[in-house]
Amino acid sequence: RQRALLWAVLLAAWEAAWGQLRYSVPEEMPKGSFVGDVAKDLGLQLPPLRDRGIRVVSEGRTQYFALHAKTGHLVTAERIDREQLCRLVEKCVLRCELIVEGEMMFYEIEVEITDINDNAPSFKETEWEESISEMSVPGAKFPLPRAHDGDWGRNSLQNYELSGDEHFSLAVQAGPGGDQRPELVLAKTLDREEAAFHELVLRAIDGGDPARTGTAQIRIKVLDANDNAPVFSQAEYTVRVPEDVPVGSTLVSVTASDADEGLNGHVKYSLKAVTEKASSIFHLDAESGAITLVRSLDFEESDYYEMEVQARDGGGLYNIAKVVITVTDVNDNAPEISVRSAISSILEDSPSGTVVALLYVQDRDSGTNGEVRCSLDSGIPFRLRSSQGSYYSVVTARELDREQVSEYNVTVRAADGGSPPLRSSAVLALRVLDVNDNAPVFAQERYSARVAENNAAGALVLTVRATDADWGQNARVRYRLSEGRVRGAPLSSYVFMVDAESGMITLKEALDFEDTRGYTLLVEARDGGGLVAQCKVVVEVLDVNDNPPEI
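Mature numbering (1 follows the signal peptide of the UniProt record, and there is no 0) puts the sequence shown at residues -19 to -1, 1 to 532.
In short, the hints are calculated from the structure, not lab data.
Hints should not be assumed to be uniformly reliable.
[Stated by the list, open to error] Just the calculated beta-carbon pair ranges, DEER-fashion:
#, residue 1, residue 2, range
1, Glu106, Gly24, 52 to 62 Å
2, Glu84, Gln454, 22 to 32 Å
3, Ser400, Asp208, 54 to 64 Å
4, Glu174, Leu244, 55 to 65 Å
5, Ala259, Gly24, 41 to 51 Å
6, Gly13, Gly145, 46 to 56 Å
Quantities reported herein were computed from a predicted structural model and do not represent experimental measurements.
By construction, the Cβ of each residue, glycine as well, lies at the ideal position given by its N, Cα and C atoms.
Sequences and hints are given; from them, build the entire structure.
Written out as structure tokens, the structure is:
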């Protein structure tokens, strides 16, 4: 693999329409390779990227891309093998989302993985033996093993070459899907007595620069006459099965008959042109032609299998039939709820419509089974708002009141359209933060006390008490006397004082009934947020016999 090819920048122009970016990158690039300048393309400022909670998420367990926190570049998080990800797909596209948590925004990113010529054509069987009757006429054709090349387009398999013997030539036929099917063509009559075996080399060549090749050794065994090939009961066998069919079930049976007798009329079956994946799921009985299931099917993994069954008699003549197995969906996947972004606390005076969480909901089933309905429990001040695609936002439906409910566990429920439906849920924990929206409230609007004259300074008159429904500093209450005047002097400095924390009103000096027989005080309660309440305190001075008669 040339270094220049590894670092070739195939980074196609991005598109920002509908919040979507598109890039391309060659497969097999090292971890950390540059994909695209996301920060520049979206106009994001570099210094606050980390503070704004910007990250890249991908569907599935493997995260193929990451965001470089310092440069704002989208880079590869893993070495990407296009053949492993997109074996049968012409255009290999990986999708991820850029989540901006601070702004509750997301952007879709598509990255096309372009092919490099990193796979040589290879044969599943590098040694192949074919049995051909000596009575076969020139021009007769026999199937040859097919090569597989994991690359795509020009880098994939392009042609075959055959060498080794003048009795044979090569013909390449195009299959229904455009695939190349090599066939061995008998060019000259065989004579088993002259040569019982012929050794050939089949070479498969791809279109890379330089080209890669793979070879298979072909051994031809010459047999005595066999003039009837097997004949299938039908050219194509088609069957539809649900994905939950039990392992061990027989899905379809193929049958072929041969008019010959003895060994030449004995038919055996084998799978041809079958993918490695299909060969691990299905088993063909060589004698009966029954195709059974050896591993569970999964509609979400693959819903269509196509293979060829070859019927070969004991004399080497064969016929081929096509088998198509279509897998139908069963509602076996519950909806999946992913919390892409969420806040844990919110001010109680936040306006209606404030976003508290961004959710992504999906169901791997198809059709009605994959249709998802989301809901919230009733009686809570939140609602769901559908966003683009499969995204939902949880928003406030009205203003909150911490004094009524200080915490919420918001349960998001999802149900699919299956019968019966499958369900899942996710819980969002949200704490309501206090704002100073409640003033202190006195236990009584008017307090009264009777105090005898001549009490010593510091004597308790009474205690006032006010409470505040808020929390923390906003609920801390302090007391003071509203200044009035007696004989031109401030009331608080003249007779009474109030403790700022406890609300206890005490005497600063002894009272004199003959001087003043009563007092009316205004006590102020102020919370930590500056809200104020007042109450009235009436103090009656009681007379004691402290004065002799005067003549």
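Go ahead and decide if the range 54 to 64 Å is satisfied by the Cβ distance of Ser400 to Asp208. At roughly 57 Å between Cβ atoms, Asp208 and Ser400 fall inside 54 to 64 Å, so the hint holds.
For the hint 55 to 65 Å, verify it against the beta carbon of Glu174 and that of Leu244. 20 Å, violated
Okay, Glu106 versus Gly24 on CB: inside 52 to 62 Å? 56 Å, holds
At the C-beta level, are Gly13 and Gly145 separated by a distance inside 46 to 56 Å? For Gly13 and Gly145 the Cβ distance comes to about 48 Å; the hint holds.
Lying within 41 to 51 Å: is that true of the beta-carbon distance Ala259 to Gly24? 48 Å, holds
Is it true that the C-beta distance of Glu84 to Gln454 lies inside 22 to 32 Å, as the hint says? Holds, since Glu84 and Gln454 (Cβ atoms, about 30 Å apart) stay within the stated range.
Checked against the numbered hints given earlier, the structure breaks only hint 4 and satisfies all the rest.
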